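Asker: Going down the list, the sequences are from chains A and B.
Read left to right, the first sequence gives residues 1012 to 1406 (our numbering).
Read left to right, the second sequence gives residues 24 to 334 (our numbering).
Among the clues, some could well be false.
Said to hold, decoys possible - Have a look at the derived ranges for each label pair, beta carbon to beta carbon:
no. : chain 1 : residue 1 : chain 2 : residue 2 : range
1   : B       : 34        : A       : 1238      : 40 to 48 angstroms
2   : B       : 234       : A       : 1057      : 25 to 33 angstroms
3   : B       : 203       : A       : 1267      : 56 to 64 angstroms
4   : B       : 116       : A       : 1227      : 37 to 45 angstroms
Unchecked claim - In silico DSS-like links for lysine-lysine, alpha-carbon gap of 30 angstroms or less:
no. : chain 1 : residue 1 : chain 2 : residue 2
5   : A       : 1257      : B       : 119
6   : B       : 35        : A       : 1218
7   : B       : 229       : B       : 284
8   : A       : 1199      : B       : 119
9   : B       : 27        : A       : 1218
10  : B       : 229       : A       : 1218
11  : A       : 1199      : A       : 1233
12  : B       : 119       : A       : 1206
13  : B       : 119       : A       : 1218
14  : A       : 1199      : A       : 1288
Note that these hints are calculated values from the structure, not bench results.
Note that the coordinates shown come from a computational prediction; the quantities given were computed from them, not determined experimentally.
Yeah, the Cβ is synthetic: ideal placement off N, Cα and C, and Gly gets one too.
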Amino acid sequence: MSRFEALTGDNAVAMAMRQVNPDVVAAYPITPQTETVEFFAEYVADGLVNTEFICVESEHSAMSACVGASAAGARVMTATSSQGLALMWEIVYIAASNRCPIVMSLVNRALSAPINIHCDHSDIMGMRDSGWIVLFSENAQEAYDNIIQAVRIGEHPDVLLPVVVCQDGFVTSHGMERVEVFDDEAVKEFVGTYKPRYPLLDIEHPKTLGALDFYDYYYEHKRQQVQAMENATGVILAVAEEFNRKFNRNYGLFETYCLDDAEVAIVVANSTAGTAKVVVDRLRGEGLKVGLLKPRVFRPFPARELVEALKHLKAIAVMDRSISFGAMNNAGPLFLELVAALALHGVRVPIADYVFGLGGRDILPREIESVYRDLLRVAESGRVERLVTYLSVRE
Amino acid sequence: MATKLIPKELAKRPDRLSPGHRLCAGCGASIVVRQMLAAIDAPVVIANATGCLEVATTIYPYTAWRVPWMHNAFENAASTITGIEAAYRSLVRQGKIPEQNVKFIAFGGDGGTYDIGLQALSGAVERGHQFLYVCYNNEAYMNTGIQRSSATPLGAHTTTSPAGEVIPGKQQKRKDLTMIMAAHDIPYVAQAAPSQWRDLMQKTRKAVDCGGAAFMNVLASCNRGWRHATDETVELTQLAVDTCYWPLYEVENGQWRLTYKPKEKLPVEEWLKRQGRFRHLFRPENRHLIDELQAEVDRRWERLLRLCGET
Ligand SMILES: Cc1ncc(C[n+]2csc(CCOP(=O)(O)OP(=O)(O)O)c2C)c(N)n1
Ligand code: SF4
Ligand SMILES: [Mg+2]
Chain A
1012 MSRFEALTGD NAVAMAMRQV NPDVVAAYPI TPQTETVEFF AEYVADGLVN TEFICVESEH
1072 SAMSACVGAS AAGARVMTAT SSQGLALMWE IVYIAASNRC PIVMSLVNRA LSAPINIHCD
1132 HSDIMGMRDS GWIVLFSENA QEAYDNIIQA VRIGEHPDVL LPVVVCQDGF VTSHGMERVE
1192 VFDDEAVKEF VGTYKPRYPL LDIEHPKTLG ALDFYDYYYE HKRQQVQAME NATGVILAVA
1252 EEFNRKFNRN YGLFETYCLD DAEVAIVVAN STAGTAKVVV DRLRGEGLKV GLLKPRVFRP
1312 FPARELVEAL KHLKAIAVMD RSISFGAMNN AGPLFLELVA ALALHGVRVP IADYVFGLGG
1372 RDILPREIES VYRDLLRVAE SGRVERLVTY LSVRE
Chain B
24 MATKLIPKEL AKRPDRLSPG HRLCAGCGAS IVVRQMLAAI DAPVVIANAT GCLEVATTIY
84 PYTAWRVPWM HNAFENAAST ITGIEAAYRS LVRQGKIPEQ NVKFIAFGGD GGTYDIGLQA
144 LSGAVERGHQ FLYVCYNNEA YMNTGIQRSS ATPLGAHTTT SPAGEVIPGK QQKRKDLTMI
204 MAAHDIPYVA QAAPSQWRDL MQKTRKAVDC GGAAFMNVLA SCNRGWRHAT DETVELTQLA
264 VDTCYWPLYE VENGQWRLTY KPKEKLPVEE WLKRQGRFRH LFRPENRHLI DELQAEVDRR
324 WERLLRLCGE T
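Model the full assembly from the supplied sequences, consistent with the hints where possible.
Answerer: As structure tokens, this is what we get:
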């Protein structure tokens, strides 16, 4: 049913794309996503996929062509990073609002200026209100698994939303890992065939898509998007369950690590969660009750479930790989949203934000350990000394 | 057999853009679209850039389009139609949908084509998709209230190039987009006008059957922006043709051909004086702009004659 291969994150995504065999891919290269596009172009050149590969002249056109192809009735994928996503911006919203279940691989990279090709999460955080479902991946395996599941999630008739699958630039995209690759047939069976509801190419039944929509209907259409997001949570879990039955790997809205009996915990997404697990093991060895929560589904934000999983703690640290400039205390977006979720559910656990790793700055186990040691002090005193810490920055 | 291009035959076919749309009376855009779509017998799928044509034909929950139609954004009609066309080729190749000789057409205004959408258009035709891009050119951003574009002629009054006390209208001459598209060396490029309807329809047929990317630049007066009576649309586009301000020609696989030569080349003034947007040019202190415009028209016409082997 499967085999193990040594793959980078970019290669793993390209592999998943080959197996999904989408009808159309429109993409433009940008570091650190480039290899995905290159690998995929090879599959096309070698006749391994049925895909029409549109090698567009910009990311704006990539997303525009994706929206056109998806509306036409095709299964569509793309990939980008950072500036590429920023250039797509306008159409990113249109993709979600037109209910196009496009799947995008986003290799997270810092936004300019200054220009920087390395990892942080400012690109994805900028699209958090755009109406896309957002999935995080700790490593190449998760990126691969998420891409396959994303196809099913987005295309579900109760959802019909685009899905973006994140992985950390370079750390994951260029790190070689042992990845379990399923048989082509098994993936094909899992994703099934896409049956578009209102394809433009149904020539006998002409449709007008993207009409001008004023105060008399626009609002209702936005309300329907909210409904789709609400429906998505259940669909994500159902798809994960089916994935687990078929491929034997368990996914939820988030992953917990040594969390149940923990007194303090860090919440951190993507590759840094992997490093944090090592630190948890080490500190557990010292008998310290530390744990970890790794968000997988960021949109729709599973507020209730997160609060449920974290409410027993004595202190929480969120580690944000981006800053929401000018927001409350210039904190990171993940922190802000989690603080709101806890407050809303009446849970008063001391919580602090640790911004880290901007522009690809390394995050070391000893730094994560220092966050845990801070947390243990907070747990004891019940007081957060510093709400937002910019970890390892020269001030 | 293709439908004969004679009014009696053509009138029998249902309009693909139906009456009841909300374009202004006498809007050149709707005349252009209806003529062009009537020329095509095959099924069509349309992408439409943001602009007058788009907003006035599809006010939810109504639509004036009887064919598959999509609006994505302002600058990306070309990339959108290539996505649709790629989807079609992919799905047909895989046997997921039937082959139906579908023609893919993008409509964009001059703003959406000459300016903000130029990159997407250039990329789309370079990639060789099979589609026709039509610029319905009314020489300004009409939908947003008559602002200048790079298609706006020298001296024209628009709301962002107003004829003021010191500056008499637009200070720059227009871009020659048809030439730019010809330089892409694609199978078919043409310039047309609705006053020469048979020429426009023949070019449309060639364009959609050329087997690759095609571009047509079609002059489509906007009486609101040009300032003329609503029943003068066709007459004014013909004047643009007869003054050689808007020559009709085509470039088919690199072969340049003039498709209409005015019997008598009229002075550009004949066209200018009929439009309110040029009124200020007739003040004595602005006459030199008319001369400049005439010189530009002459120079471009001579160049075109050379390219078409007419001299
Ligand atoms: C990215 C973006 N910028 C600006 C606008 C505002 N806008 C909408 S239509 C338009 C002008 C359209 O002009 P043109 O393409 O010439 O079409 P016309 O209305 O003249 O037919 C502008 C500026 C927009 N919708 N999107
Ligand atoms: S403003 Fe001009 S281009 Fe727009 S609908 Fe009216 S006549 Fe046509
Ligand atoms: Mg215009």
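Asker: The structure should be examined with respect to each hint, and the outcome stated for every one.
Answerer: Hint by hint, here is what the structure shows:
{"no.": "1", "hint": "B/34 x A/1238: 40 to 48 angstroms", "verdict": "holds, 47 angstroms"}
{"no.": "2", "hint": "B/234 x A/1057: 25 to 33 angstroms", "verdict": "holds, 27 angstroms"}
{"no.": "3", "hint": "B/203 x A/1267: 56 to 64 angstroms", "verdict": "holds, 59 angstroms"}
{"no.": "4", "hint": "B/116 x A/1227: 37 to 45 angstroms", "verdict": "holds, 42 angstroms"}
{"no.": "5", "hint": "A/1257 x B/119", "verdict": "holds, 27 angstroms"}
{"no.": "6", "hint": "B/35 x A/1218", "verdict": "holds, 23 angstroms"}
{"no.": "7", "hint": "B/229 x B/284", "verdict": "holds, 20 angstroms"}
{"no.": "8", "hint": "A/1199 x B/119", "verdict": "holds, 16 angstroms"}
{"no.": "9", "hint": "B/27 x A/1218", "verdict": "holds, 28 angstroms"}
{"no.": "10", "hint": "B/229 x A/1218", "verdict": "holds, 26 angstroms"}
{"no.": "11", "hint": "A/1199 x A/1233", "verdict": "violated, 33 angstroms"}
{"no.": "12", "hint": "B/119 x A/1206", "verdict": "holds, 10 angstroms"}
{"no.": "13", "hint": "B/119 x A/1218", "verdict": "holds, 19 angstroms"}
{"no.": "14", "hint": "A/1199 x A/1288", "verdict": "violated, 33 angstroms"}
Taken one by one, the earlier hints fail for this structure at numbers 11 and 14, listed in ascending order.
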